[in-house]
Each structure stands twice: as structure tokens, then as C-alpha cells.
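S.K.: Just so we're aligned: the sequence shown equals residues 10 to 181 in this note's numbering.
Quick caveat, the hints were computed from the structure, so don't treat them as lab data.
All values derive from a computational prediction rather than experimental measurement.
Be a bit skeptical, because a hint or two may be false.
What the hints assert, rightly or not - No more than 30 Å apart at the CA atoms, straight line, and that leaves these computed lysine-lysine pairs for DSSO-like:
hint, residue 1, residue 2
1, K101, K151
2, K129, K61
3, K129, K151
4, K61, K151
5, K101, K129
What the hints assert, rightly or not - The following label-pair restraints were derived from C-beta to C-beta distances:
hint, residue 1, residue 2, range
6, L52, P154, 40 to 48 Å
7, R158, E105, 36 to 44 Å
8, R147, S127, 30 to 38 Å
Beta carbons: idealized from backbone N, C-alpha and C, even for Gly.
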Amino acid sequence: MIKGFSAVIIAIETQRPIVPDLVRWRKIKDVHLGLDFLRAFNLGEGVKLRQKVAIIGGGASAFDCARVALRQGASEVHIFCLEEFSEMRVNKEDLEEALLEGVAIHNHKALVHLDEVSDKLQLVFRDVESFEFDELGRLDLKTIPGSERSFFLRRSDICHRTDSGSSLGIQG
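Using the sequences and the hints, build the whole thing.
M.R.: What follows is the structure in C-alpha cells.
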């Protein structure tokens with residue numbers, strides 16, 4: 010069970026903001042673009058983080074967000090991604106430095122649901138069976154039914170998301 014996180018940063022490798030149909034992220038007040046998280050940090054306007062932070066994504070942006078989260082005060086940072094460790098889209102130096110700084114990596118995990126429940130945000134992960142991108146960059150994701158794991162964030166905590174261009178055809 011995934012418990013105890015005080016923030017989530019969704020760092021999906023794309024340049025143009027998109028929202029999966031399954032997830033109503035734009036209607037949720039405490040969900041922001043992760044690129045905004047990085048921009049705010051670079052402008053000296055970053056949010057002070059506390060305790061554990063979950064990063065969703067396995068590319069360079071996810072690792073940038075993870076390392077910034079540590080510098081913003083997170084005591085632990087965990088990256089949850091679709092990819093196999095060897096397939097992550099990050100340069101070797103950034104990956105090695107993040108691991109040396111204590112970033113934990115959880116492969117084969119997909120965020121399949123994010124919603125408001127009372128005064129909390131509910132995040133649901135499912136194990137990944139397979140995924141691939143088509144020639145247009147759209148994601149074809151197959152997850153394992155029954156492998157769902159949930160955790161909740163207090164509304165007072167922050168939840169960032171970074172995404173940009175691919176269509177996330179999440180299938181349950």
C-alpha cells in the first residue's frame with residue numbers, strides 16, 4: 010500500500026498540456042502542471058515541500074521534478090513510471106545522481122485515477138502489463154485488472170502534474 014505522501018508531481022514527457030479522459034484533473038483545484046513547478050523553482054517562487062513526494066513519470070522531467078522536490082524540502086521522493094528501469098527516458102548521469110540522492114523508483118506503475126473524495130485527493134495506481142506509443146505519440150496502455158492501489162492526499166497538500174503532448178489513452 011502506498012501511504013504517507015504529502016505531494017504528487019505528475020511529470021509526463023510532453024510539451025503541450027493534455028488530460029486523459031479518464032481523469033478530470035483540470036477540475037481539481039490542487040492539480041497543477043509540473044512544468045509550472047519547475048518554472049516556479051527556477052524563478053525562486055517554488056513551493057516548500059514536506060515529507061514524502063510521489064512523482065508520476067519516467068523521463069527527464071520526472072527526474073528534474075524529483076531532484077527539485079528534494080531541494081524544496083521533501084524528505085523522500087518516489088518516482089512511479091510505466092517503463093522498465095532500462096527504458097526510462099533520462100540520461101544516465103541524471104539517473105545516477107537521483108539514485109545517489111535517495112530517489113526511489115517504482116517501475117511498471119500507472120496512475121489510472123485521480124479524484125476528489127471529501128477533503129482529500131485520491132490517487133489510484135495499477136500495475137502495467139504493457140505499453141507502447143504509436144507513430145503519432147499516443148499511448149496504448151494495458152494494465153492488470155485487480156492490481157489497484159490507492160492513497161490519499163490532504164487538500165492542503167500540493168499535487169503537481171507535468172504533461173505535454175501525447176494522448177494518454179489510459180485503459181482499465
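S.K.: Next, verify each hint and record whether it holds.
M.R.: Status of the hints after comparison with the structure:
no.	hint	verdict
1	K101 / K151	holds (27 Å)
2	K129 / K61	holds (16 Å)
3	K129 / K151	holds (28 Å)
4	K61 / K151	holds (28 Å)
5	K101 / K129	violated (36 Å)
6	L52 / P154: 40 to 48 Å	holds (43 Å)
7	R158 / E105: 36 to 44 Å	violated (28 Å)
8	R147 / S127: 30 to 38 Å	holds (34 Å)
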